[in-house]
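Peer 1: These protein sequence lines map, in sequence, to chains A and B. The opening residue of the first sequence carries number 1 in the numbering used here; numbering runs sequentially from there. The opening residue of the second sequence carries number 1001 in the numbering used here; numbering runs sequentially from there.
Please keep in mind that the hints were generated in silico from the structure rather than gathered at the bench. Note that the Cβ used here is the ideal one computed from N, Cα and C, for glycine as well. Mixed in with the good hints there might be a few duds.
[To be verified] Pair ranges (Cβ atoms, derived): (1) A:Leu47 / B:Met1001: 24 to 32 Å; (2) A:Leu46 / B:Asn1028: 25 to 33 Å; (3) A:Ala58 / B:Gly1143: 58 to 66 Å; (4) B:Val1139 / A:Ser91: 54 to 62 Å; (5) B:Asn1012 / A:Gly130: 47 to 55 Å; (6) B:Asn1028 / A:Trp122: 20 to 28 Å; (7) B:Val1139 / A:Leu47: 41 to 49 Å; (8) B:Asp1125 / A:Ser102: 23 to 31 Å; (9) A:Leu83 / B:Asp1034: 33 to 41 Å.
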Amino acid sequence: MELDELKKELNLKIEDKSQNHSEADITSLLKKNTQSLVQKLYRNLLLEMYLCMFLTLACVVLALIIDDWNYKTFFTIDAALGLVVSIILLSLTSRIKRLSTSDTTVRTNLETIVSIIYQYAWLYIRLGLGLLPLIFSLAFWITYIDPTIVPKPIRWDLFGYFLVALFIFGYASFRFTKWYLRKLYGNYVEQLEAMLNELDEQ
Amino acid sequence: MLTEKEFVELLNRHQNIIHKICNVYMDNGADKEDLFQEITLQAWKAIKNFRGDSQFSTWLYRVALNTAITFYRKESKQVNLTFTEQFPDTKDEYNPVEEQVQAMYKAIAGLSKIEKALVMLYLDDFSYKEMGEMLGITVTNVGVKMNRVKTKLKEETAKYYHPIN
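Given the sequences, and given the hints that come with them, work out the whole structure.
Peer 2: So, in structure tokens, the structure goes:
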């Protein structure tokens, strides 16, 4: 039996009018929250962006009110980094917002979602947790070059321990983030990429 | 720009499109309801960009398909196992057409999400050109894929349909 021969009957079967919703039902649905993974990602990003902006602002305020030059330098650099991360988060949230209000082709929609998730993963793996070791190094360096805090001559053994600890922490955080992101979005991205490949297949 | 009331009225008139997509993409009642909600919300968000260049039904089809295709459930691996259990009413008396429709319905359940989209659009008499525009592929590619899907469905339907002589 061919698809063409059963078109009408199949259409009636698939339509199944018994499931119809009333206008009141539809109106109440509009008040609910969307459950899609991309929209959950959007809500997370929005929260992280506000948090990042708040921390950036806090660093700016601290940099302005503290007189001590090493703290001032530390918070100024943190504020600059926070600003960069906030801008990236803003750009990602805007892309998701544009995506959710557009009616693009299936291919464009899939490509955009995959690209957003990759950017998100990139942000977290390379910028998010990568920034932590950088900030620790910065704090160590600023403290170390301050003659009032660390006595001279240079303690190379201390410096060595710090580098080893930094490496272990950086590597562990990198592996953890990669595993966590894969657990959260890995299967989803694989499914979307498989669909993109299927669309390309001739 | 449509008001909420106008949008609800319009969606109410075209909700059969969403039901069709929910029935093809989801296997059980709860999942169908979730997808219905998701498509409704997505359409409500996107309505501000609906310029009226195309018909509302075509626009809704595009939004609904995009939502259904990218809708993700961690337990979605179970879909094909339970689909047949959730199949609508089966009559006791033998009806060959009904049996064939059911067999075809089961065969459609085994298709990929992209293939399901092609079948949906085909059943609703969209041209290959319109299908290509909606999926973002060429007309030739639509033709190739449709032939493949029809062959697949014919083979799969034969597995489920056993005529009583």
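Peer 1: Using the beta carbons of leucine 83 (chain A) and aspartate 1034 (chain B), state whether their distance is inside 33 to 41 Å or not.
Peer 2: Holds, since leucine 83 (chain A) and aspartate 1034 (chain B) (Cβ atoms, about 39 Å apart) stay within the stated range.
Peer 1: Is the distance from the Cβ of alanine 58 (chain A) to the Cβ of glycine 1143 (chain B) consistent with 58 to 66 Å?
Peer 2: At roughly 60 Å between Cβ atoms, glycine 1143 (chain B) and alanine 58 (chain A) fall inside 58 to 66 Å, so the hint holds.
Peer 1: Given the hint of 24 to 32 Å, is the C-beta distance from leucine 47 (chain A) to methionine 1001 (chain B) inside that range or not?
Peer 2: 29 Å, holds
Peer 1: Could you see if the CB distance from asparagine 1028 (chain B) to tryptophan 122 (chain A) stays within 20 to 28 Å?
Peer 2: 37 Å, violated
Peer 1: Check the following: the C-beta atoms of valine 1139 (chain B) and serine 91 (chain A) are separated by a distance inside 54 to 62 Å.
Peer 2: 35 Å, violated
Peer 1: Could you tell me whether the CB distance from aspartate 1125 (chain B) to serine 102 (chain A) stays inside 23 to 31 Å?
Peer 2: Roughly 25 Å apart at Cβ, these two residues keep to the hinted range, so it holds.
Peer 1: Taking 25 to 33 Å as the hint, is the beta-carbon distance of leucine 46 (chain A) and asparagine 1028 (chain B) inside that range?
Peer 2: Taking Cβ atoms as reference, leucine 46 (chain A) and asparagine 1028 (chain B) lie about 32 Å apart, which means the hint holds.
Peer 1: Cβ-Cβ distance between asparagine 1012 (chain B) and glycine 130 (chain A): within 47 to 55 Å?
Peer 2: 50 Å, holds
Peer 1: Using the C-beta atoms of valine 1139 (chain B) and leucine 47 (chain A), is the stated range 41 to 49 Å upheld?
Peer 2: 44 Å, holds
Checked against the numbered hints above, the structure violates hints 4 and 6; every other hint is satisfied.
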